[in-house]
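Asks: Below, each chain spelled out in residue letters.
There are 2 protein chains.
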Amino acid sequence: MSGRTVLTVPELYGRIEAILRRAGLNAVQAGGLARVITAAERDACTSHGIYRIEGILRTIKAGKVRPDAVPELAPQRASAVLAVDAKGGFVNPAVELGVPALVDRARSTGIAALVINDAAHFSALWAEVEAVTEAGMAGLAMCPSYAAVAPAGGSAALLGTNPFAFGWPRDGREPYVFDFATSVAARGEIELRRQAGRPLPDGWAVDAAGRPTTDPEAALAGAMLPFGGHKGSALATMIELVAGIMVGDRTSVEALDAIGTTTLCPTHGELIVAFAPQVIAAGRPGNPFDRAETLFDAIVGQGARLPSQRRFSARARSESEGIGLSEAQVRQLDRFLEHGLDSVAGG
Amino acid sequence: MSGRTVLTVPELYGRIEAILRRAGLNAVQAGGLARVITAAERDACTSHGIYRIEGILRTIKAGKVRPDAVPELAPQRASAVLAVDAKGGFVNPAVELGVPALVDRARSTGIAALVINDAAHFSALWAEVEAVTEAGMAGLAMCPSYAAVAPAGGSAALLGTNPFAFGWPRDGREPYVFDFATSVAARGEIELRRQAGRPLPDGWAVDAAGRPTTDPEAALAGAMLPFGGHKGSALATMIELVAGIMVGDRTSVEALDAIGTTTLCPTHGELIVAFAPQVIAAGRPGNPFDRAETLFDAIVGQGARLPSQRRFSARARSESEGIGLSEAQVRQLDRFLEHGLDSVAGG
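Residue numbers (the numbering used here), protein chains in the order written: chain A, 1 to 347; chain B, 348 to 694.
Calculated directly from the structure, the hints in this document are not laboratory data.
Quantities reported herein were computed from a predicted structural model and do not represent experimental measurements.
Hints should not be assumed to be uniformly reliable.
Which residues of chain A face chain B? A few of them, derived with a C-beta cut under 7 Å, are [said to hold, decoys possible]:
1. 291
2. 298
3. 299
Using N, Cα and C, we set each Cβ at its ideal position, and we do this for glycine too.
Kindly produce the complete structure, drawing on both the sequences and the hints.
Replies: Written out as structure tokens, the structure reads:
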């Protein structure tokens, strides 16, 4: 551990927030982003942690996000559909504004939806569904991304890696949460295999001509494939429909067209649905939260793992022991803080 | 085609409805079932067509469904959550009662849910989501089934084959619809391979000791696996939570415990969600239905197929040319009509 710097969770938050303020984000943007980046690093979800800061700074520098945006609750679309206009800022402060209103509404409507529009995205959706479970409700979140995935049986990038996340609250412990890409693998995994000179498993990708390939280089020039064949492809298409088109926002193709590169954060919409189990199960036998524990016990009891368990273990460790950063990470953060947007390429 | 009998769609419906009435179902049960069985046979979805009648008759004979049930709209659980009590009858008449109320509610709430309780199940969920799309809305349907699937990383049957279905309406043409089991394969496919003496692909099943197996016999004594590894397993678990526990009805384990065999129809609940795209997209640029056509064109344009296309082709063919039944099928239907419940084993 020599050369490692250990920060408490609030210390890491403070450092990230200062970097984002220095880069020109207003308080609401910097706070929302710093909270979700800190949470990811705390959970050892490093693909969405401080690793993302560089891309955020480049997106700001390129003028592809509004650094001074203040999200607003938009007029509700219907009695069970609320909307937040992210005003071209990042999605995270829009989620922080909208989810409390969403769960409040779902308490009376039983099910309610939150639409977020015009938001730049870089983070994982587990943060969204955990915000819903913290209010004692079940939550579902979906969004498109950049066109990078061919539909099953197809030959070219059309769908995004379109994440699907779900959470169920558990009394006094971490919620049941999953959050997965509907692509078979993340683009980063293909990049890692390219660097290591390792072939891809069958079924991960097609090349630029639409032919199946196990060559990472050819895959990066072509398109990824959905997980689970036609089933994952169907889910990814559903997400384009309900979390892109139905919310009145961009599809993954339109998100890529608008930004012109996959190396900056895309701007699009998001759909979050909250369910109030205690309302929906009212009058029926059994307490839904107790019954869910029986199901979770049965899963764990046969040796299977609940999703997010590794993340929650890391969370507990980070909260008691702090978060360790390498020398390179500390230097990078120092550079970001000192030089702001000058520390990154592009613009 | 010698020996084949061709019936029009209404003729087949009449024959099935008469069989179900003869077996003791009241008019609302027989009508609801005959409509969905006829629709499946019309769509060449033979696994849910007249092939299912024998199991239905055996379920009636075993006293595991109420043949005289009349489903009722139950008190609404919340302003956006309606409920139908199937009263221990089949799910199909409950769907026919509930979906018109659901879409009517979603017109004002934007999103609404329909809970169905205490219903015997044998049919595919595409019928449910097509009923929603016929009203110009997008629909989602889920239900548990019998415990037959081990969670990813687990060793024993706990989850059902838990179907997930989604539909999006298309103006003047068949909707975009998918409906898939969250297990990697249907139990029937494993049975077919057993009969043919063919091994299973890797990843389909575990044996009774929880070890991976490619032996169909061992798989039938063990458990199936979810599609797509931990992702499909997560979806199947979500369905237990929201379409079993949250609706105040049985999980797949409880459904199996209650009936004691997988050879009769299980009784459990179901969750249907309707979204009104024209309401949810209101005030945003573009018409959501037109934009969806652009997405569908792009999928088809790159050589991929939309889900359900084979089914819709068969539907068009059946409606113009009728539905062909083999001599064996005609004899079986005649036997069901003549002997009623005496034509099947058990009871």
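Asks: Going back to the hint list, which numbers does this structure go against?
Replies: Those not satisfied: there are none.
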